[in-house]
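Number of protein chains: 4
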Amino acid sequence: MSIAIIYGGTRKNGNTEMLTEHAIHGRQAERIYLDDYQIVPIKDSRHAKEGFQDIDDDYNLLIKRLLAHDTLVFSTPIYWFGMTGQMKTFIDRWSQTLRDLNFPEFKKQMQSKNAFVIAVGGDNPRLKGLPLIQQFQYIFDFIGISFDGYVLGLGNKPGEIYKDQQALSMVNQLFHKMV
Amino acid sequence: MSIAIIYGGTRKNGNTEMLTEHAIHGRQAERIYLDDYQIVPIKDSRHAKEGFQDIDDDYNLLIKRLLAHDTLVFSTPIYWFGMTGQMKTFIDRWSQTLRDLNFPEFKKQMQSKNAFVIAVGGDNPRLKGLPLIQQFQYIFDFIGISFDGYVLGLGNKPGEIYKDQQALSMVNQLFHKMV
Amino acid sequence: MSIAIIYGGTRKNGNTEMLTEHAIHGRQAERIYLDDYQIVPIKDSRHAKEGFQDIDDDYNLLIKRLLAHDTLVFSTPIYWFGMTGQMKTFIDRWSQTLRDLNFPEFKKQMQSKNAFVIAVGGDNPRLKGLPLIQQFQYIFDFIGISFDGYVLGLGNKPGEIYKDQQALSMVNQLFHKMV
Amino acid sequence: MSIAIIYGGTRKNGNTEMLTEHAIHGRQAERIYLDDYQIVPIKDSRHAKEGFQDIDDDYNLLIKRLLAHDTLVFSTPIYWFGMTGQMKTFIDRWSQTLRDLNFPEFKKQMQSKNAFVIAVGGDNPRLKGLPLIQQFQYIFDFIGISFDGYVLGLGNKPGEIYKDQQALSMVNQLFHKMV
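Residue numbers (the UniProt record's numbering), protein chains in the order written: chain U, 1 to 179; chain R, 1 to 179; chain V, 1 to 179; chain L, 1 to 179.
Derived by calculation from the structure, the hints in this document are not laboratory data.
Positions of the beta carbon are idealized from the N, C-alpha and C atoms, including for glycine.
One or more hints might be untrue.
Said to hold, decoys possible - Computed beta-carbon distance windows for the label pairs: (1) L:Gln109 x R:Lys157: 45 to 51 Å; (2) R:Asp70 x L:Asp54: 36 to 42 Å; (3) U:Gly26 x L:Asp148: 50 to 56 Å; (4) R:Lys163 x L:Ser112: 38 to 44 Å; (5) L:Gln38 x R:Asp70: 53 to 59 Å; (6) U:Tyr37 x V:His47: 26 to 32 Å; (7) L:Asp54 x V:His176: 42 to 48 Å; (8) U:His176 x L:Glu105: 45 to 51 Å; (9) U:Gly26 x R:Asp56: 55 to 61 Å; (10) L:Asp57 x R:Lys157: 56 to 62 Å; (11) L:Gln109 x V:Phe142: 34 to 40 Å.
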């Protein structure tokens with residue numbers, strides 16, 4: 001079983017990354033830092049005659065890297081009580097991939113995966129992060145990925161996540177399941 | 001009372017726009033089509049020595065247009081059970097504006113406004129759109145905007161929103177409150 | 001198509017009942033006022049050797065009345081951000097009925113029905129009533145009832161619901177669907 | 001700091017009780033097993049001339065026991081994706097106590113407390129139990145109790161909770177906070 005981490009954060013070594021790496025605990029994993037790449041926001045062309053147009057950015061490359069793994073960890077700081085815009089823009093593009101002849105097996109491939117969500121925020125994340133978890137539940141249900149667990153951590157200033165004993169102990173449990 | 005509509009959609013005259021214009025009913029309003037502008041995703045620099053760096057894109061211009069109005073209508077198609085990446089990227093940038101010396105009154109100005117959300121989706125939006133509404137509730141609570149109402153509409157193919165009698169009748173009620 | 005209204009309220013002619021009757025609009029319907037009956041809280045006996053014991057109260061009679069109809073309207077004032085204890089106690093007993101040899105077709109019969117929820121509260125019900133709607137969603141999904149719509153109304157003092165134009169117009173739309 | 005556990009379950013030594021006692025870890029605590037007492041469902045009399053009528057059941061005694069403690073642990077199996085009817089019926093009565101001249105300080109006393117929720121269910125509780133947590137959030141916000149943490153555990157058959165390592169490790173963390 002191989003792991004891909006999709007990082008939605010915009011600050012290297014942020015609290016969310018720290019918590020996620022604590023969960024991974026030195027295991028091998030493919031790390032995709034979305035903010036390092038150019039990902040163009042989707043243009044809804046489902047109903048356009050010509051359909052979706054190919055986009056010359058890094059998205060397809062990232063999807064290929066993601067598809068090569070069994071377990072997906074969506075790791076995002078909580079911005080405005082949701083995933084980051086970078087991560088949402090990435091997921092929005094799945095609508096295009098679902099109709100992309102170059103990825104004819106996209107949905108089927110996704111359905112064989114399982115997913116975890118790790119999200120860290122500074123404002124009562126274990127309560128105010130719940131709509132984000134529910135959104136991920138609908139996302140995973142829609143595409144058919146098994147949603148196997150999540151951790152909501154508390155952190156604001158750099159390193160503060162290490163004070164959140166509950167989150168640290170929860171990701172340890174996630175880790176056991178992942179391996 | 002003046003109205004700004006923040007459009008998060010990526011298709012002109014889409015169902016969300018139709019429903020919103022049905023609500024506006026010919027009234028004067030400032031229309032901000034986020035997808036027509038360049039909005040760079042935020043880089044979290046709250047903890048960086050040098051702080052946030054000025055970004056040369058259209059965001060500040062759009063915020064100024066938004067701030068000139070009393071009522072904000074956030075109008076977004078439901079993509080993956082949330083607002084569009086375009087709209088999320090726009091809202092994420094508020095974190096920078098809150099610390100931008102060029103907008104010293106940003107939070108205070110926002111607190112004098114009231115907001116509505118109009119969102120249209122194709123997959124059971126009145127149930128599966130609820131996490132999005134809860135997210136907006138936390139967003140508005142955080143910045144201090146009064147959340148005065150929302151409508152979740154059902155639509156997939158172009159024009160389908162006109163079959164959703166419940167949504168049409170609900171936006172009519174929103175409209176009465178807005179004016 | 002015949003309708004049963006399950007009333008969870010404890011005050012006759014309360015706002016929730018008014019809104020529901022506005023929706024029904026004089027149509028024939030079976031009205032079950034839970035508070036008028038004795039319904040004993042469930043004793044979880046799923047894992048007891050002897051299983052569930054017959055209970056001598058009004059519950060089975062009410063379930064029979066409910067089962068005779070195609071459309072179920074769950075109508076409850078919002079108490080402490082949920083359905084009333086009376087309604088919850090009634091629904092909890094379904095766990096016993098699911099295992100009751102006198103109701104061998106209970107689940108199958110329920111699965112042929114559709115349901116609506118009407119709930120009225122005094123504290124921002126269209127936002128703070130959303131967990132209740134999500135709970136009903138899971139309840140209906142579990143037993144297999146189709147969840148066809150809901151209305152959250154605002155009312156505190158007797159009759160105040162008639163000022164909630166949005167709720168009144170929404171139940172009118174529900175009504176059209178029901179018939 | 002003294003602890004009261006309000007047990008909503010209907011089966012002695014059920015999974016929820018096991019998880020809660022694992023959290024308490026032998027500490028002294030007042031245990032209130034709601035199902036052992038007679039608690040009459042509320043009759044909404046806020047708008048009645050004569051107001052609420054005294055009820056001759058065990059409720060007031062239980063409230064006095066609860067009020068004597070600083071920390072409240074609401075411990076309930078998840079029935080139909082919510083708290084048990086027994087617990088809801090108990091909480092509904094708070095509306096009467098808020099207006100009861102024999103408890104003039106009820107709200108003020110409650111506001112000095114902090115609360116935890118422990119809930120165990122058999123059907124994906126960490127996702128499908130979220131509306132219950134959000135309901136408790138609104139309940140505690142309304143009365144002014146500080147909501148200091150929750151654990152959602154997975155268990156169906158007797159003793160199954162001991163397989164849920166994540167829940168066990170989470171309640172250990174709750175426990176550290178409680179003391």
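Using the beta carbons of Lys163 (chain R) and Ser112 (chain L), state whether their distance is inside 38 to 44 Å or not.
violated, 54 Å
Quick one: are Tyr37 (chain U) and His47 (chain V) within 26 to 32 Å, going by C-beta?
Violated, at about 53 Å.
I want to verify a distance hint. Is the separation of the beta carbons of Gln38 (chain L) and Asp70 (chain R) within 53 to 59 Å?
holds, 55 Å
At the C-beta level, are Asp54 (chain L) and His176 (chain V) separated by a distance inside 42 to 48 Å?
holds, 46 Å
Mind checking the hinted window 36 to 42 Å against the Cβ distance between Asp70 (chain R) and Asp54 (chain L)?
Given range 36 to 42 Å: violated, Cβ gap about 50 Å.
Just tell me: holds or violated, for the beta carbon distance of Gln109 (chain L) and Lys157 (chain R) against 45 to 51 Å?
violated, 57 Å
Could you tell me whether the CB distance from Asp57 (chain L) to Lys157 (chain R) stays inside 56 to 62 Å?
holds, 57 Å
Looking only at beta-carbon atoms, does the pair Gln109 (chain L), Phe142 (chain V) fall within the given range of 34 to 40 Å?
Holds, since Gln109 (chain L) and Phe142 (chain V) (Cβ atoms, about 38 Å apart) stay within the stated range.
I want to verify a distance hint. Is the separation of the beta carbons of His176 (chain U) and Glu105 (chain L) within 45 to 51 Å?
holds, 47 Å
Tell me if the beta carbons of Gly26 (chain U) and Asp56 (chain R) are separated by a distance inside 55 to 61 Å.
With a Cβ separation near 41 Å, Gly26 (chain U) and Asp56 (chain R) fall outside 55 to 61 Å, so the hint is violated.
Gly26 (chain U) versus Asp148 (chain L) beta-carbon gap, inside 50 to 56 Å or not:
Violated - the Cβ-Cβ distance for Gly26 (chain U) and Asp148 (chain L), about 33 Å, lies outside 50 to 56 Å.
Hints 1, 2, 3, 4, 6, 9, counting from the list given before, are not met by this structure.
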